[in-house]
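Undergrad: The residues making up each chain are set out below.
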Amino acid sequence: MKRMILVALGMTFVAGALSTTGVLAATTLESVKAKGHLQCGVTSGLPGFSQPDEKGNWTGIDVDTCRAVAAAVFGDAKAVEFTPLTAKERFTALQSGEIDMLSRNTTWTLTRDVSLGLNFAGVNYYDGQGFLINKDIGVDDAEQLDGATVCIQSGTTSELNLADYFRAKGMKFKPIVFDTSEQTVQGFAAGRCDVLTSDRSQLAALRSKLADPNTAKILPNTISKEPLGPVVRQGDDQWFNIVKWVLFAQINAEELGITMDNVGEMLKSDNPNVQRLLGTDGDMGAKLGLPDDFGHAIVKQVGNYGEMYDRNVGPDTALGLERGINALWTNGGILYAPPVR
Amino acid sequence: MKKQSIDSISARPKPWYDPRIRALFFQVVTLGVVFWAGWVLIDNTLSNMQSRGISTGFGFLDETAGFGIIMHLVPFDATMSYGRTFWVGLTNTLLVSAMGVVAATIIGFLVGVARLSSNWLVAKIALVYIEVIRNIPLLLQIFFWYFAVLASLPAPRQSVEVGGAFFLNNRGLYLPGPVTQDGFGLVWGALLVAIAAVFGLRSWTKKRQKASGQLFPTVKVSIAILVLLPLIAFFLAGQPLEWDLPALKGFNFGGGISLIPELAALWVALSLYTASFIAEIVRSGILAVSKGQTEASKALGLPNGLTLRLIIIPQAMRVIIPPLTSQYLNLVKNSSLATAIGYPDLVSVFMGTTLNQTGQAVEVVAITMGVYLTISLLISLLMNLYNRAVEIKER
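Respectively, the protein sequence lines represent chains A and B. Counting along the first sequence from 1, when you hit position 12 you're at 127 in the working numbering, and nothing is skipped either side. Counting along the second sequence from 1, when you hit position 27 you're at 337 in the working numbering, and nothing is skipped either side.
Chain A on its own, in the form it takes in the complex (with noise of 0.2 Å):
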């Protein structure tokens, strides 16, 4: 008896000293700079945004926009650590302090912004929408849909866009619902379904992955807007300022013309806003709480935000996707960073 009241005396301390440290004690950075790495949210695997290759190495633009961070902060794009997580799974991780941050193709809506305790630091990727459908069907637009059967990945805003899209237009569907991409994939190409939806970046790849992609095809219609973009928890703005900066830094730097080839030269530079992005001239990184030179780290390991999307994504990758609106505001698109000063 003696020592089962010692026990419950035990686990009484224990939970009173967990209700103290419950919140966090140190700021994000600190505790990022105390484990020697970043620790970062991404997806199980998609082409393009983030996916372990055949050596265990993770690519894509939601990796590399990761890999920047850690490049600003540890001067070392490579102090990154990958956490795979569902789409279910990925504010909980972030919430619960499991990551440091998310960058797994999240969608930037009012209700994740306000009710989860999370900031949208910014976008990487401007995405829409869409619908991927067996040829022979022969449904050229997504407006013949009435009565559809549609596979759709569980957790995702595309559900609700779905059923949006479908009360608006007066038309009738069935939503099959799975829980991992690659799932929907496969029910698609039993045939359960009549069309897969998702965002439009995402369709390409899954195209790619079924027998005989030349079977399907896109439809032309975007039903929705999706800006994908890195998500921090609230309440600690130090770090949700450096990853929006970061990621500001490499938009500012390809409209500056700096590139990983030339950002050598380009310290040398006598353009002053190249020199305060770089750190030659100014204190930018230290307003940030990084070191001053944090953009040329970034540039150098990681590229500017063109770059990281022609490696990943461009026309010149497997999923072969035009730079469209996400071109810099100088080129038609709508990529415009604030200036660095």
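The set of hints was computed from the structure by calculation and includes no laboratory data. Don't be surprised by glycine CBs; every beta carbon is placed ideally from N, CA and C.
Here are the simulated DSBU-like pairs of lysine-lysine, each with C-alpha atoms no more than 30 Å apart in a straight line: (1) Lys203(A) to Lys289(A); (2) Lys250(A) to Lys559(B); (3) Lys170(A) to Lys193(A); (4) Lys520(B) to Lys703(B); (5) Lys608(B) to Lys530(B); (6) Lys402(A) to Lys193(A); (7) Lys203(A) to Lys332(A); (8) Lys170(A) to Lys203(A); (9) Lys559(B) to Lys284(A); (10) Lys203(A) to Lys287(A); (11) Lys284(A) to Lys340(A); (12) Lys559(B) to Lys287(A); (13) Lys530(B) to Lys516(B); (14) Lys643(B) to Lys289(A); (15) Lys559(B) to Lys289(A); (16) Lys559(B) to Lys332(A); (17) Lys340(A) to Lys287(A); (18) Lys402(A) to Lys148(A); (19) Lys643(B) to Lys203(A); (20) Lys402(A) to Lys383(A); (21) Lys148(A) to Lys193(A).
Simulated DEER-style distance windows between Cβ atoms: (22) Asp425(A) to Ala408(B): 51 to 57 Å; (23) Gly372(A) to Ala676(B): 53 to 59 Å; (24) Arg330(B) to His152(A): 56 to 62 Å; (25) Gly680(B) to Thr432(A): 46 to 52 Å.
Here the structure of chain A is known, so what remains is to put chain B in place on it, guided by the hints.
TA: Just chain B now, kept in the frame of chain A:
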């Protein structure tokens, strides 16, 4: 001196030496600590969530859900609330669980008896079935039934068709749906009368058997009453029933009754898997009845069928019921694997989509756990009541 010491022993000890008071004290302390720890946990969670700006509370249940669900037993569309998605998920879970429990019990009993068959082939087939099915993970079996079987079925336009009324394709099985017309009430009435008549018949034959020892073919006569009476009423009322035939409309079949492949695959997988365990339980139950019982029954001149029904099964049930209850509980809990193949059960709809769209993980997970706990406790309760009815009565 001696007398005094005896007095002090027999007197009430001081409260802190009284074992009953001590036991009570420690139990109260333990209970207090448990409650306090629970409260700290809840309070801690709530305050942490608040400090991190995460929404809490159950207000989200009234918000518009905004997503579609393929199969719903209660009325549902995307304009209804998250609370309604809970009921849709719950009813779908209960449906597949109930179907699974019935099918698993029937298959399990048949295979369990077959396992003891004196026919070598039947016994070995049952053995192979049990060993194969119960040694493959359930999730793989669900995938097998879903993807392997789905892929071999034709597209809607090439459906397997029987008489223009039954269609089978990779979107499901479509059957004609009965639509009752005016006057069908007479048939329901006749059915009620038939049920009452069967109960009356049963008590009459029992009385007669006790009084005279004469047997009466109760089962055959009961079935005849149950079928014939409503049938006569049906024709008297002028056949007030029409059939809604499924037909290809655009992409898919509409009309009639449909069984979606997700439900079929989950049902088949859950039933076959659980049946393999039930079969072994049934076998052990039957073997637990001592051979002397059979021999005594034979000595009394009872035929084989009656020996099984009156002597062996009632005694075997006492051994079978408790582990059978666990299998039913397992089946209900395993039905949550539905989420892997897109059957809209409670976990897929409520703990999947609803949790994601609202982000209120703590509330949704707590509700879902509470539901599974309630379902399981209810099944336990029912099975315990049944067990009490069949257990050995000390006389």
